[in-house]
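Visitor: Go by the hints and put chain B onto chain A.
Heads up: the protein sequence lines correspond to chains A and B, in order.
Reminder that position 98 of the first sequence reads as 98 in the numbering used here, one-by-one numbering, no gaps.
Take any residue in the second sequence, count from 1 to its spot, add 373: that is its number in the numbering used here.
Calculated from the structure, these hints are not laboratory results.
Some hints here could point you the wrong way.
[To be verified] Not everything, but these chain B residues come out facing chain A in the computed CB check (under 10 Å): (1) Ile-559; (2) Ile-560; (3) Ile-562; (4) Ser-568; (5) Phe-739; (6) Gly-748; (7) Lys-896.
Even glycine gets a Cβ: it sits at the ideal position worked out from N, Cα and C.
Now for the letters of each chain:
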Amino acid sequence: MSLNYSQPLEISNLTSWLDAALRGCLAEFWVLLIEFVLVAVVLLAAYAVIALILIYAERKITAFFQARFGPNRVGKWGLLQSVADMIKILLKEIIKINRSDRFLFFVAPFFMIVASMLTFGAVPFGKGLHAIDFNIGVLYVTAVSSLGIIGVLLAGWSSNNKYSMIGAMRSGAQFVSYELSAGFALMTIVVLAGTMQFSAMIEGQRYCWNIFNGHISSIIAFVIYLISGHAETNRGPFDLPEAESELTAGYHTEYSGLQFGFFYLAEYLNMFIIASIATTVFLGGYMPIQVHGWEGFNQIMTYIPTYIWFFGKTAVLIFLSLWVRWSFPRLRIDQLLNLEWKYLLPINLVNILLMVILVLTGLTLTDLFPGLF
Amino acid sequence: MENIKKLIINTVPDAVIEDKQKLTVTVVPDKLHLLAKTFRDNAALPMDTLVYLIGVDRGEELGVNYLLCSSTDLSKEVVLKTGTTDRENPLLYSVTDLFETAHYNEREVFALLGIRFINNPDMRKFFLNGDWVGYPLRKDYDANPEINPVTLESKDIVDIAPRITETADGELVEDTVKIFEDDDYIINIGPQHPSTHGVMHFRTALDGEIVKKIDVHSGYIHRGIEKLSEGLTYPQILHFTDRLDYLSANINRHGLCMCVEKAAEIEVPERAQYIRTIMDELNRIDSHCLAWACQTNDLGATTAFIYGMREREVILDIFEKTCGGRLIINQNVVGGVMFDIYADFQKDVKAFIPYMRTKLVEYDRFFSHNVIGLGRMVSIGNLSKEDAISYAVTGPAGRGSGWSCDIRKHIPYALYDKVEFKEIIRTEGDSYARYLNRLDEIEESLHIIEQLIDNIPAGDICAKVKPILRLPEGEYYSRVEACRGEFGVFIESRGDKTPYRLKFRSPSMALVSAMPLICKNEKISDFIGIGGSMDYVIPDIDR
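Isolated chain B (complex conformation):
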């Protein structure tokens, strides 16, 4: 990391460097792009993955935090901070040309904090309508419902995007761009559509059956979880995480608990770690079963869909017996877990492991080599490794493009450094690689559970935690491997019992942001198939 500090000082001499939980660099807005570019192009340790892009209302200024990490070693991280004191017309420089994933994130920051980004090609609001009054995540936001009434009138979608660009001689130009050409044949896939896996809206320009361009509209179920969290105590926030990516509910919650535990320096008992890890892996199998089922259903094989649901049911029964919940399982709490495992838990899980293995063979025979299925998946929806990194596409999809991005390997948490498992990586980058990755990850998860299930130590399931937690002042990050990729939690605390700013990194948002790229020039039916292979979950995007 000393090299990095040297690099920073060489590039931007007046940068403020702090060693907090992560190496944090504060720069003036003009220098941010330069510094980010230097980081990305640094040959020795390229910091080429933008994990977080967090807009924060710091009170006196509106700012953005960027968490960069290296694609070769995810544990090498650096935080960039910048901000502007202009609250009327805040402008910062975009890093979209360096990290594609910044595009949607910057649009989100614009919608929620009103910061506009110079050189971002499309500065429409993400999540919110263009005519929304006020910026919800600002501390002076007026949430009076009369300002933004619920209208029953249908609003036309305007396919014109404003943007601000900087010309070569440093002048700022505001203009608009058309998203589609005038004679494009546009169909709306969503918001209500059987295969968008939720209320997602893709405006799709078609040339016959071929997809020319996709424009993503999101926010149909935006609930403002991050804003709501700012008024709630930490134990109250916990249940929100289950409602992000509801298919990896337990893992998301694990991420938030870890973040709070790290900040409050709470030691989690060994037994709780075991239960958490086993439940996380069961959750992963459950999610991958459903993902497999949905992908086959998107390709038109309805029977396979039911088979996936059948195996998932066994896991849900185990969840139900453990803690009463099936989908939203309310198991993790700050300091440990809420419920101890039931008497027959080990027996049930051990019976499930061989059962699932026979079913994996059945999946393989039934679908993995089906000639029609192969025709719909092999070499379809190609995502190169460079694009995966630029779009920060993690999880089975990122690993299908040959990027080793498993947080469990790079930054082990819970018990992942004690168990032996393989990180499944395929280099093809097509739908089929993503498909096979999930099936193989089920096998790895079974292997992890096998190693833990007999060794659960006796002891407490939860550390003693004060009912009202006050986190010490500071910024805290945690990153976990959810079923769809890296899930992250960022908490900025000012010493209160509620967070000052809380941000969830959503793996699905990165997956969707790559959709326009990988679906271009594919057939409309493959667009659906690719969506199934990416396996995004909409509430995770909208938050």
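If we strip away everything but chain A, and leave its shape as in the complex, we get:
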């Protein structure tokens, strides 16, 4: 409990107080029930709010890249623009398409949103801000996030539209390919960290982030993860499934209203999820910057709440992803697959081996300089 004095702004203080208060007056079953509901509501709300913030941020940042103003009419600095857009999308008619497969057409967006929601639940936002802490967290995230592709394929298939179909097929090829690279890059770090549990992984990075700890090998894995993660989110230069100059809107051409909103939301959240997984696995997650022996410095750093650290690091990665998206032209499908199968995957396989060697021979930074890192 001494931690509480040093970290007065942590939300975990609030949650543990709430937990204690509930347990004081209710039976175990009811306490858990109320807490589960609360967690679910908070996660759902956070999901929507983060998406809104991301949409606003992307517009403003893009405007900055493109010598424009971005939204600046609704609210101060256009702050309410994405809220207004959300309300608009909620009110819009959902258009039914003739000769489409109604059931699959209706179900497809849910696959997409559920997959990203499930992944979102496993992200450690801060100390104690972690809905579920599996001992196989990395595996779970990789597995669940790949469910989304089913939604894309179903959407393309059921729309009865040739553009959608081409978009969905591209998406399938792309997702399956890049999922491999992303998985291998995460495995590289699992080898280094020796655990698949996010909380343990973060704890292990207290004095040395994984990206530094495994030096060469970690940096390669980090770059590969960013590329393949970016590709998985279907955003430029990997936005072939919805390449608007070729396929108008790709797999979601025929969707309107809230159904389209789901795809849109999931796309933004996937960007956030990829960045947050990268933060957790490579950049020490919510752990503040700590240095061996600098007690005063460490103390000051821990005053900054962990969720600020987490969102700060994630924001840097998101900015990076936006920067890439708005600078590069789109790849062609064969170039995309070449990049994955001829370059990223072989490099990745060699990289895992390299990491194993580094770990076994004690060449990681923590092994080499135990007093420093």
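Guide: Below, chain B alone, put in the same frame as chain A:
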């Protein structure tokens, strides 16, 4: 040219040769193909470029004028004329096997004048629906809207083309061909599509991601400008040209003014020539900036698109200050220009030149060497020089295939013989060559403006021109270098205040006609990229 006359007499002894504005040869329909082939294969001076194919209702007969020129020297021109008196079932011989560009032009002539061409592989109507009643450009056309009512019913597209072929023993056979095979996977790119740059319709047969065949449907915004012009006086026609290729509005209008001035023998004041040339070059930079922007956008780089628009804005502001218009700038009139330059014009333009140069460096750094961009442009959409000539693909695209086809060099007009500039030619023939050509042409245009901007002489901006112009009887041609290639105007006058027949040569139509050739076996995403590199403008095709 004496050699050519000799050649004509040797090939077709009964041809009628006249020395009008151009050397004009009239032959009977049977001999036209032979003569055209002789011209094309003439080793000394091959007349291998079909610039115009103009259908004319001459009253007693329906005829076609062909303007041929040499691909090595565009100023060597000859006009072939032929015609048929059969108004019920007019038939002429196709020259599609000699000049590929004739294909779409002959289909256009069929749609608008009803002349069918023997041996053209695909005799569907271009621009008009197959069930359109009447032929609009005939003088006896009935424009009553009840004959061709506007229907709200959707019409199925029939992929079957009629044709007439001549067998070896001289018999004419009418039959039909299927455009696509039965099990082709066809997607419609257009008429409403973000990357066709307008209402263009490409029916595209795909094999997976690979383009097998493209069928071009055009005419969604056909406004019948040539027909409308026949009822309007020359000053009234002027504003139509701005609405063809709206991105080279000023240059198109320059072309029409030149044609009328040549016919009416009006001397354009020196000052007006300077203003015209400077405005033309500004227009070219504006158009090339937009073309660059659109091409990058077609390849998926949205930010580059905005950068191109940003530089274009500066030029549009200069236009606006000069004459009030930004896109459709209404500057040229017969005899000169409508508005004089404003006080700070020279200052603004001189400030723009170094600004644009720094931006060209930025474009180069930002996109020209991007590894993804190179992968999407180098060796994609290859157009050989022979094909460029056969399809009459001019402008930056033709010069990207190694064909020197700059009208400003070959047939200098306005002040182009007084300024020094390079004709940018690349021999690769791919998308990247076309891309680089445009950027380099911006630099050349800046160079031209630099030489002129300080020397604008004082004087009138417009010659005295009668409000109602009557052009003397005859046929007049003018050719100018628009942003997308050669723009041409043909006027046939019978001494009235309105033209008897007016025809615009559209550079974009030639660009689109080459699309099925160069996109074959490319990926569908490269089809879009190649379209961006060709940079066609749809209203220019549809007219």
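Visitor: Can you name, in rising order, the numbers of the hints this structure does not satisfy?
Guide: Going through the list in order, the structure violates no hint and respects every one.
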